[in-house]
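Each chain, letter by letter, is given below.
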Amino acid sequence: MPLHHSGLLIIRAWVEPGSTRPLRAHLRFSTDVAEGFDREVTLANVEDVSSVVEDWLRGILEPPSPK
Amino acid sequence: MSVLGTFDLSIGGQPRRGLPHGSQRLLAFLALRDRSVTRTAIAGTLWPEASEEHAQASLRSALSRLTEVERTLVRVTLHEVALAADVIVDIRDARLLAHRLLGPEATLDGDVGARAIEALSVELLPDWYDDWAVIEAEEWRQLRLHALDVLAEKLTAAGRYADATSAALAAVRAEPLRETAHAILIQVFLAEGNRAEAFSAYERYRTMLKDELALEPTPRIEALVRNIQHP
Chain Z
1 MPLHHSGLLI IRAWVEPGST RPLRAHLRFS TDVAEGFDRE VTLANVEDVS SVVEDWLRGI
61 LEPPSPK
Chain X
1 MSVLGTFDLS IGGQPRRGLP HGSQRLLAFL ALRDRSVTRT AIAGTLWPEA SEEHAQASLR
61 SALSRLTEVE RTLVRVTLHE VALAADVIVD IRDARLLAHR LLGPEATLDG DVGARAIEAL
121 SVELLPDWYD DWAVIEAEEW RQLRLHALDV LAEKLTAAGR YADATSAALA AVRAEPLRET
181 AHAILIQVFL AEGNRAEAFS AYERYRTMLK DELALEPTPR IEALVRNIQH P
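Chains as they are written, first to last, in this note's numbering: chain Z, 1 to 67; chain X, 1 to 231.
Do not take every clue at face value.
To be verified - Short derived list, chain X residues pointing at chain Z, Cβ under 7 Å: (1) Y129; (2) L177; (3) L213; (4) P219; (5) R220.
To be verified - FRET-style restraints, in silico, Cβ to Cβ: (6) Z:D38 <-> X:E105: 42 to 52 Å; (7) X:R71 <-> Z:S6: 37 to 47 Å; (8) X:D131 <-> Z:R21: 39 to 49 Å; (9) X:D131 <-> Z:E40: 36 to 46 Å; (10) X:K210 <-> Z:D38: 39 to 49 Å; (11) X:A82 <-> Z:T20: 48 to 58 Å; (12) Z:E35 <-> X:I135: 17 to 27 Å; (13) Z:R39 <-> X:D93: 28 to 38 Å; (14) X:D34 <-> Z:R12: 21 to 31 Å; (15) Z:E54 <-> X:A158: 46 to 56 Å; (16) X:E68 <-> Z:R21: 51 to 61 Å; (17) Z:R12 <-> X:G103: 20 to 30 Å.
Everything labelled a hint here was simulated from the structure, so no lab data went into it.
Quick caveat: nothing in here was measured; it's all calculated off a predicted structure.
Note that the Cβ used here is the ideal one computed from N, Cα and C, for glycine as well.
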C-alpha cells in the first residue's frame, strides 16, 4: 500500500444566462489519481458544489482501499 | 507524435512501442510547447514532488532511455530541451485549426470537413493525471468547444448541414449540459428545414436538463422552437 495518495478535483463552471439557476459546475474527481477519475457530476447550486467538495476532501483523508 | 486521445509515436512511419513512461511524459510535455524549455522547468513540472536534484536526475534518466532513433526527436543543450523542428504533432495542427476558426476573418477552407471535426472532437491525453497534463487538457477542451461552436455556425451558413450537424453534436458530446451547443444544433436543423429533428434535439436537451438538474431550458432556447412545438 502506498504511504500516501493524491486526490484530484477539477471544477469547470460556467453561467447559463436566463436560467432560473444559472450556475453550471461540472466536477470530475478522484480521491486517488492512481485509480483515475472515479466520478463526475454537473450541479447548479453553490451549496451542492460545496457539499461535494467537502465530501471529496473527507474521502482524501480516508486510507486507500486495499487492492 | 499524437497526444490527442492516446499517446502515440511513429518515426519514419514505424510505430514506436514500449517507450518508458518517463520518456513518454517528457516527449508529450515538449510536444505541447512550441519552444525550448529549460531543464529546470521541465524537471519541476514533470516531477513536482521530487527534490530538484532528484527531478533533474529523473529528466536525465528519461532522456537517456530514449533509443538512438528516438533521440533524433529532441534537441538537447546544457540548459534546455526542445522537440526537433521536424516532428509533426497532432495537437499543434489542431490548435492552429481552432485558432484559425476563431479568428476574425476565418473562412471555411476545403480542408475544414470531417477530419477537422474529428480533430476537434478528441480529448488531450484523457487518462493522464499529472497536473500539467490536466491543465493542458482543460485548456484544449475550452478551445475546441468554442471552435466547434463556430465551425458548426459557419458550416450552417455555408449550407453544409451534414458537417454542421457533426460539429454541433461533437460540441454537445464534449459538454452535454452546455446550452449553447444544443442551441447551435437546433439552429442547424432549422436552417436545413428539418423541424422534426430540431424539435427532437430540443426535447432531448430538455429531458436531460430536467433529469440531471431539475431545470427547464432558458427562454433563449425555448424561443428557437416556439413555433414548432407540435411539428
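Checked hints:
1. Y129: At about 4 Å, which falls below the 7 Å cut-off, the nearest Cβ of chain Z leaves the hint on Y129 of chain X intact, so it holds.
2. L177: Where the cut-off is 7 Å and the nearest Cβ of chain Z is about 5 Å from L177 of chain X, the hint holds.
3. L213: This hint holds: L213 of chain X lies near chain Z, its Cβ roughly 5 Å from the closest one there, short of 7 Å.
4. P219: holds, 5 Å
5. R220: holds, 5 Å
6. Z:D38 <-> X:E105: 42 to 52 Å: Since D38 of chain Z and E105 of chain X have Cβ atoms about 44 Å apart, the given range 42 to 52 Å holds.
7. X:R71 <-> Z:S6: 37 to 47 Å: Since R71 of chain X and S6 of chain Z have Cβ atoms about 32 Å apart, the given range 37 to 47 Å is violated.
8. X:D131 <-> Z:R21: 39 to 49 Å: violated, 31 Å
9. X:D131 <-> Z:E40: 36 to 46 Å: Violated, at about 18 Å.
10. X:K210 <-> Z:D38: 39 to 49 Å: Taking Cβ atoms as reference, K210 of chain X and D38 of chain Z lie about 26 Å apart, which means the hint is violated.
11. X:A82 <-> Z:T20: 48 to 58 Å: For A82 of chain X and T20 of chain Z the Cβ distance comes to about 51 Å; the hint holds.
12. Z:E35 <-> X:I135: 17 to 27 Å: holds, 20 Å
13. Z:R39 <-> X:D93: 28 to 38 Å: holds, 33 Å
14. X:D34 <-> Z:R12: 21 to 31 Å: holds, 25 Å
15. Z:E54 <-> X:A158: 46 to 56 Å: holds, 49 Å
16. X:E68 <-> Z:R21: 51 to 61 Å: Because 59 Å falls inside the window, the suggested range holds.
17. Z:R12 <-> X:G103: 20 to 30 Å: holds, 25 Å
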